Structure formats: structure tokens, C-alpha cells
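Trainee: Sequence:
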Amino acid sequence: MMDLCDGVCMVCGDRSAGKHYGVMACYGCKGFFRRTIRSGQNYSCRFQQKCSIDKDQRNACRFCRFQRCLNVGMEPDGRYQNYMDLFCGKKKWP
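Residue numbering for the sequence shown is 933 to 1026, as defined by our numbering.
Each hint should be verified, as a subset may be incorrect.
Heads up, simulated DMTMM-like pairs for lysine to aspartate or glutamate below, C-alpha to C-alpha not over 25 Å straight-line [to be verified]:
1) K982 with E1007
2) K982 with D946
3) K987 with D946
4) K987 with E1007
DEER-style ranges, computed between Cβ atoms [claimed, not checked]:
5) G972 with R947: 25 to 31 Å
6) E1007 with Y975: 15 to 21 Å
7) D1009 with R978: 28 to 34 Å
8) G954 with R978: 25 to 31 Å
9) R970 with N991: 14 to 20 Å
10) F979 with D1009: 26 to 32 Å
11) N1003 with R978: 15 to 21 Å
Everything labelled a hint here was simulated from the structure, so no lab data went into it. Quantities reported herein were computed from a predicted structural model and do not represent experimental measurements. Where is the CB? At the ideal position from N, CA and C, for every residue including glycine.
When you get a sec, could you build the whole thing from the sequences and use the hints?
Mentor: Now the structure itself:
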């Protein structure tokens, strides 16, 4: 089982910024998902929907990146939950 303090973005493999839209995600993928949902954007893939989505090439194909977001379980109505702050002691409670 992965340690939440050393989380990895489930979409691209970059360093996670916490749990966003139901999954561990980096700021880039969180923002991309949010913008796509809010704008209602429809993307298309030029490469038979087989693009590699990693931290170096995540911006190459928006269609495949959005599909990856959905495939790993990102939910449009998912709430922001930064479990790293709660469990890793980054947030100071009064």
C-alpha cells in the first residue's frame, strides 16, 4: 500500500498534491480536470487513443489525459480532500 505522504499522481505519476476529485493528483492534473469539466470541452486524439500520459508528456494529448483522469477514478463532483495535510502533519491545528 502506498504511503499517502509520498503520494504519486494517479494520472501522470508526478508528485501528488493530495486527494483531488477522488484520487491522488498533482496540481497540473487537478487543474486540467477542473478546467475540462467546467468548460465542457470535448477533445480528440490524433494517435488512435494510445498516447502515453506521464509527467513529461502529459500535455501532448488532452483527449488521452482526460480519459486517464476518468479511468483512474476522478469524479467531476469529487470534493477537495488533502489527506496529505491531515496525515502527514503539514497542517497545524489550533
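Trainee: With reference to the structure, classify each hint as holding or not holding.
Mentor: Status of the hints after comparison with the structure:
| no. | hint | verdict |
| --- | --- | --- |
| 1 | K982 with E1007 | 22 Å, holds |
| 2 | K982 with D946 | 20 Å, holds |
| 3 | K987 with D946 | 5 Å, holds |
| 4 | K987 with E1007 | 21 Å, holds |
| 5 | G972 with R947: 25 to 31 Å | 29 Å, holds |
| 6 | E1007 with Y975: 15 to 21 Å | 19 Å, holds |
| 7 | D1009 with R978: 28 to 34 Å | 30 Å, holds |
| 8 | G954 with R978: 25 to 31 Å | 29 Å, holds |
| 9 | R970 with N991: 14 to 20 Å | 18 Å, holds |
| 10 | F979 with D1009: 26 to 32 Å | 30 Å, holds |
| 11 | N1003 with R978: 15 to 21 Å | 19 Å, holds |
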